[in-house]
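First to last, the protein sequences are chains U and P.
Residue numbering for the first sequence follows our numbering, beginning at 1 and increasing consecutively.
Residue numbering for the second sequence follows our numbering, beginning at 1 and increasing consecutively.
For the record, the hints were derived by calculation from the structure and aren't laboratory data.
Note that the Cβ used here is the ideal one computed from N, Cα and C, for glycine as well.
There may be inaccurate statements among the hints.
Unchecked claim - What follows is a list of derived Cβ distance ranges for each label pair: (1) U:F101 to P:W69: 35 to 43 Å; (2) U:P105 to P:Q20: 17 to 25 Å; (3) P:M1 to U:A29: 36 to 44 Å; (4) P:T152 to U:L82: 36 to 44 Å; (5) U:D34 to P:I158: 46 to 54 Å; (6) U:C3 to P:D93: 21 to 29 Å; (7) P:C215 to U:C3: 43 to 51 Å; (8) P:M1 to U:L71: 17 to 25 Å; (9) U:A86 to P:V30: 22 to 30 Å; (10) U:V4 to P:L121: 47 to 55 Å; (11) P:L2 to U:S7: 19 to 27 Å; (12) P:G187 to U:C3: 37 to 45 Å; (13) U:G8 to P:I218: 38 to 46 Å.
Said to hold, decoys possible - The list that follows gives simulated cross-link-like pairs (lysine to any residue, SDA-like), each with its CA atoms no further than 25 Å apart: (14) P:K190 to U:F22; (15) P:K190 to U:P109; (16) P:K190 to P:Q85; (17) P:K190 to U:A106.
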Amino acid sequence: MRCVVRSGPPSAHALGLAAAGFSLLMAAAVLPLDAPPLSLFACPFRAATSLPCLSCGCTHAFAALVHLHPLQALAANPLGALAAGAVAVHVLWTALRLCGFRYAPAAFPVTRRVRLGAIAMLALNWAFLILRGRP
Amino acid sequence: MLARCPSCRNTFSTDRTGPQDCPVCKKPLVVPDAPGVVPTGAQPFLQPGADSSVEQGTPWERRAELGAWRAYWETVVQAVFEPGQLFRSTRLDRGAAQTGFAVLTVGGAWFVGQMLDRFFLRQWTQPLFEKLGGSGAMGPLWQKMAAASRDTSVRAIILLAVLTPLAVLIGLYLNAAVTHLAAVLLGQAKRGFDATFAACAYACAPLLLLAIPGCGSIVGTAWTIVLTGVGLKETHRIGPGGAAAAVIAPYVLLCCAVCALGLLLGMAARGLPQ
Chain U
1 MRCVVRSGPP SAHALGLAAA GFSLLMAAAV LPLDAPPLSL FACPFRAATS LPCLSCGCTH
61 AFAALVHLHP LQALAANPLG ALAAGAVAVH VLWTALRLCG FRYAPAAFPV TRRVRLGAIA
121 MLALNWAFLI LRGRP
Chain P
1 MLARCPSCRN TFSTDRTGPQ DCPVCKKPLV VPDAPGVVPT GAQPFLQPGA DSSVEQGTPW
61 ERRAELGAWR AYWETVVQAV FEPGQLFRST RLDRGAAQTG FAVLTVGGAW FVGQMLDRFF
121 LRQWTQPLFE KLGGSGAMGP LWQKMAAASR DTSVRAIILL AVLTPLAVLI GLYLNAAVTH
181 LAAVLLGQAK RGFDATFAAC AYACAPLLLL AIPGCGSIVG TAWTIVLTGV GLKETHRIGP
241 GGAAAAVIAP YVLLCCAVCA LGLLLGMAAR GLPQ
């Protein structure tokens, strides 16, 4: 199975996702975590239940990854770290495609096995966050 | 010839006219002899592009012929009162136009609402903020938010005007990505990210209510969630249950349960012991 396919310039959504992703990465790189606006992203689920939600730690994961601390990012939220990495790759790839690179990632079929695997990853990630947060 | 089923709206290829079954949903339909001609008493058959509403483009996507203001207003009215028709007519190759509609709607309304709140309503909303911030686990957060929204300097206003469209763009794509992920996991993403994005973008129309400080954001958000479900149903051609599940799943699983927030705010307002 081929991982990349020949392609034209990036689509509007590829550009939009890259712009949004680039903004997120820049915000994570520049803004301090302990001051507004990032400090305003408190999790009401955690405050109410003392348990982390699925996305808890993503801000720290993004910040750690853009400061080149991958282990810290994985510790903050493993899937968040993977998402941050994917966003960075997408931004770079889109920039390359804008510069004339004519290859794009190939789409893969979302089978039942892929869906179940993704759900299992989400569950494991959540379990990790809950266990890590226990005293 | 190419034909489209009026039941499942899938396009298929056929080499004959007359009564036959859709190869996808197996429902009976009639292929007319001449394109666009619907025999009397027969189930209407839709040639691609023959129906005036199916994927002809929303008014906003046809703003070159309608005029920008009329196209915008008709899109908002359709999104609010005839969402099914709007989402059925959405063209999936018009992502840039859909992005523009959402950023214009949400960004503009948010900015107007913020200005109204900061300059005219602060004296009434400030005590509410302080009351909410007075107790509860979210107290410090509310105090920080109150402090951030109290700033009425020129610098703050310019910053707000510049950053609002960017924040809306990020929020729009985050929302679409999370919704699409949920749809994929539930096996409901039949027509790709473009379809999910179109649903999320036009579902932002009720967020015009953000211009009304206070209750506007609550009503607008709830309405937007409902419209996103309607949009997913039409753009992905899926059932209402699947669409509702795909929309609600992120709110339940990923986006910090809204009920927990309500409970917390209630506790904060009443000053219950933590």
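So, going through the hints one by one against the coordinates:
1. Between F101 (chain U) and W69 (chain P) the CB atoms are about 40 Å apart, so this pair conforms to the stated range of 35 to 43 Å.
2. For P105 (chain U) paired with Q20 (chain P), a C-beta distance near 39 Å fails the hint of 17 to 25 Å.
3. Under the hint 36 to 44 Å, the C-beta atoms of M1 (chain P) and A29 (chain U), about 55 Å apart, miss the expected range.
4. Separation of T152 (chain P) from L82 (chain U) is about 41 Å and conforms to the stated range, judged on CB atoms against 36 to 44 Å.
5. Separated by about 25 Å at the C-beta atoms, D34 (chain U) and I158 (chain P) break the suggested range of 46 to 54 Å.
6. At roughly 25 Å, the beta-carbon separation of C3 (chain U) and D93 (chain P) lies within the given 21 to 29 Å, and the hint holds.
7. Checked against the hint of 43 to 51 Å, the C-beta distance between C215 (chain P) and C3 (chain U) comes to roughly 50 Å, which is consistent with it.
8. At roughly 60 Å, the beta-carbon separation of M1 (chain P) and L71 (chain U) lies outside the given 17 to 25 Å, and the hint is violated.
9. Look at A86 (chain U) against V30 (chain P): about 48 Å separates their beta carbons, and that is not inside 22 to 30 Å.
10. Between V4 (chain U) and L121 (chain P), the C-beta spacing of about 54 Å keeps the proposed range 47 to 55 Å intact.
11. Taking 19 to 27 Å as the suggested C-beta distance range, the pair L2 (chain P) and S7 (chain U) conforms, at roughly 26 Å.
12. For the pair G187 (chain P) and C3 (chain U), the beta carbons lie near 24 Å from each other, so the given range of 37 to 45 Å is not met.
13. At about 43 Å, the beta-carbon gap between G8 (chain U) and I218 (chain P) stays in the expected band of 38 to 46 Å.
14. A distance of roughly 28 Å separates the Cα atoms of K190 (chain P) and F22 (chain U); the hinted pair therefore is violated under the 25 Å criterion.
15. Distance hint between K190 (chain P) and P109 (chain U) is fulfilled; the C-alpha atoms sit about 12 Å from each other, no more than 25 Å.
16. As the CA atoms of K190 (chain P) and Q85 (chain P) are separated by approximately 19 Å, the hinted pair is consistent with the 25 Å bound.
17. Between the alpha carbons of K190 (chain P) and A106 (chain U) the distance comes to roughly 18 Å, so the proposed pair stays at or under 25 Å and holds.
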